[in-house]
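Visitor: We have chain A; now place chain B onto it with these hints.
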Amino acid sequence: MGWYNKRLSKSIWVFHVSASPCNNCDIEILDLLTPKYDVERFGIKLVGSVRHADVLLVSGVANNKVAPKVKYLYDQAPKPCFVVGVGTCPASGCCFKKSYNVPGKVEDTIPINLYIPGCPPKPEAMIEGVVKLVEVLNG
Amino acid sequence: MKIDYIFYLLIFPGLLFISILGLLIGWVDRKVSARFQFRVGPPLFQNFNDFFKLLGKETMLVKEGVITIFIIAPFIAFAMIVLVSSIIGTSLFYNNSFGGDLIVVMYLLMINSVMIILGGSSTGNVYSSLGAGREIKLLLADELAFILICLVPIIKSGFQLQLDGIVSSQLQNGSYIGSLSGFIAFVVGLLCIQAKMALPPFHIPEAETEIVEGPFMEYSGTLLAFWKLNGFMLYVTFPFLLILLFWGGFNPEGPGIIWFILKYLLIVLLIIVIKNTNPRIRIDTALNFFWKYASVIALLAVVLAVFGY
Numbered sequence: 001m002g003w004y005n006k007r008l009s010k011s012i013w014v015f016h017v018s019a020s021p022c023n024n025c026d027i028e029i030l031d032l033l034t035p036k037y038d039v040e041r042f043g044i045k046l047v048g049s050v051r052h053a054d055v056l057l058v059s060g061v062a063n064n065k066v067a068p069k070v071k072y073l074y075d076q077a078p079k080p081c082f083v084v085g086v087g088t089c090p091a092s093g094c095c096f097k098k099s100y101n102v103p104g105k106v107e108d109t110i111p112i113n114l115y116i117p118g119c120p121p122k123p124e125a126m127i128e129g130v131v132k133l134v135e136v137l138n139g
Numbered sequence: 001m002k003i004d005y006i007f008y009l010l011i012f013p014g015l016l017f018i019s020i021l022g023l024l025i026g027w028v029d030r031k032v033s034a035r036f037q038f039r040v041g042p043p044l045f046q047n048f049n050d051f052f053k054l055l056g057k058e059t060m061l062v063k064e065g066v067i068t069i070f071i072i073a074p075f076i077a078f079a080m081i082v083l084v085s086s087i088i089g090t091s092l093f094y095n096n097s098f099g100g101d102l103i104v105v106m107y108l109l110m111i112n113s114v115m116i117i118l119g120g121s122s123t124g125n126v127y128s129s130l131g132a133g134r135e136i137k138l139l140l141a142d143e144l145a146f147i148l149i150c151l152v153p154i155i156k157s158g159f160q161l162q163l164d165g166i167v168s169s170q171l172q173n174g175s176y177i178g179s180l181s182g183f184i185a186f187v188v189g190l191l192c193i194q195a196k197m198a199l200p201p202f203h204i205p206e207a208e209t210e211i212v213e214g215p216f217m218e219y220s221g222t223l224l225a226f227w228k229l230n231g232f233m234l235y236v237t238f239p240f241l242l243i244l245l246f247w248g249g250f251n252p253e254g255p256g257i258i259w260f261i262l263k264y265l266l267i268v269l270l271i272i273v274i275k276n277t278n279p280r281i282r283i284d285t286a287l288n289f290f291w292k293y294a295s296v297i298a299l300l301a302v303v304l305a306v307f308g309y
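Chains A and B, in that order, give the protein sequences.
Residue numbering for the first sequence follows this note's numbering, starting at 1 and increasing by one per position.
Residue numbering for the second sequence follows this note's numbering, starting at 1 and increasing by one per position.
Bound conformation, chain A alone (with noise of 0.2 angstroms):
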C-alpha cells in the first residue's frame, strides 16, 4: 500500500464542504486556491463533485439542519477519503458551542483526519495542515 499512498499524497482532490460557517474561513479556503498560493504544485485541486473527492474540507459547527447532509455527503465520497476540519469551529465548537441548535462537535458526525485551528486560519496554515495529512500518508 506504500506505493499507492505516495500516489494519493501527490494528487489530493479537495471537495468543500461548508458545514453552516460564517464564511470566513470559505474565504481563506477560496484565497487558498488563487495563483498566489497555488496549490495546484502539490497536486491539489478543487473539485466540484463529491464523488471525484479525496479530502473533504469542512467548515462550520454541522448545526441540526446541516449535520445530517454532511453525513450523507460523507457516505457518497468514494473511500479513501479524509476529512479536515477547517477553523475553530470544527475543533472546539467556537463561541458557537452552546447555540441551541448546534447537536455537538463534529467529531460525532463524521470522523476528522486532521483539524487546522484559527479563526479563520491563514492559507499558509492550510497549506502546513495539507502538508502533514501527506506525510501520515506516506508514514
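FYI, nobody ran anything at the bench for these hints, they're computed from the structure.
As the structure is a prediction and not an experimental result, all values here were calculated from the model.
Note that the Cβ used here is the ideal one computed from N, Cα and C, for glycine as well.
Don't take each hint at face value.
[To be verified] Quick look at which bits of chain A chain B covers, simulated, 3 or more residues with Cβ under 8 angstroms:
hint, segment
1, 2-8
2, 27-41
3, 91-99
4, 111-120
Guide: Positioned in the frame of chain A, the structure of chain B alone reads:
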C-alpha cells in the same frame, strides 16, 4: 501480419504510446495554463499520479439508473479512441492505413461523444442529464463543420478516402495548408476539435461552475480514471488527425521527425492558448457560431478546393 496488427494496436501508435503521450501532453496543458495565470503548475508526473490514484479509489455505482451502460461507457470510449488513434498513427508513421479510411475515422471520433451522452444520461442525476443534453447539442453544432473540413483534403487529393493516400499525395504535391482552402479548413478544424474535446470556450457540457462536471459528476474511481484518460488521449488523436489531413503528415527522411514534433507542439499550443484566453460561451452562442459562421466558412473552403485554390 497478425502480429503486426497487435503491435500497432497495443504498443506503438496504439494503446501504450497514446496513453503515455496523452498524459504527458496533459501535463504540458496544465503547466502552460498555469504559466498563463502566473502560477508554477503541477510536477511532470502529475497526471500519472492522478490516474493511478483514481484506479485505486472505490468505484461507486448509482442506485437509480442503468448500471450496465454506466460501467461500459468509459471503456467503449477508451477502446474507440485507441482504435482510431491506431488507424491515424499507422497511416502517419507506417503509411499503411490499417483497413480504415476517413469515413471510419469520422464515425469512430463521434463515438466518444455518444458514449459521454450515454454515460451521462444513464446515471439518473439531473446535472448529469443536463450535461448529456448539452453534449448532444454541441455534437450537433460541430459535426457539420467537421465533416465539411474533412471533405477538403479528400477533394484536393483527387477523391481519395484512404488516409495513406492523402498523406502520400501531400508528400508529392506539398501540404494542403499552403493553399487557401487548406488553410481555411485547418483554422476551422482547430475550432472544431476544441469543441469536440469540450475544452474552453466550448466546455459547455462539463461546466464546473454551473452543472459540476456534467456527465462525469456521478463517476468515481476506475471509471472516472478512464474518462480522464480519454480526455487526455484526445490531445494526441485530434492534432495527429489535423497534421495528417492538412499539414503533410510525417516524413521519415532527414529532419522529418523534428518537424513533426514541432508541428504537433504548435497545434497543442494553439489549443491551449485558445483555451486560456476565452471564457465559456452559452450553448446557443456555440450553435450560432458553428452553424452560421464556421460551417459557412468550411463550405467556402470546400468550394475553393473544388476550383483548385
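Visitor: Compare the structure with each hint and give your call.
Guide: Here is what the structure says about each hint:
1. Requiring three or more residues with a Cβ within less than 8 angstroms of a Cβ of chain B, the coverage given for the segment 2-8 of chain A holds, as 3 such residues are present.
2. Residues of the segment 27-41 of chain A with a Cβ under 8 angstroms from some Cβ of chain B number 4, which satisfies the need for three, so the listed coverage holds.
3. A count of 0 residues in the segment 91-99 of chain A with a Cβ less than 8 angstroms from any Cβ of chain B is obtained; the coverage claim is therefore unmet, three being the minimum.
4. For the segment 111-120 of chain A, the stated coverage by chain B is not satisfied: 0 residues place a CB nearer than 8 angstroms to a CB of that chain, which falls below the threshold of 3.
Of the hints listed earlier, those the structure fails to meet are numbers 3, 4, in rising order.
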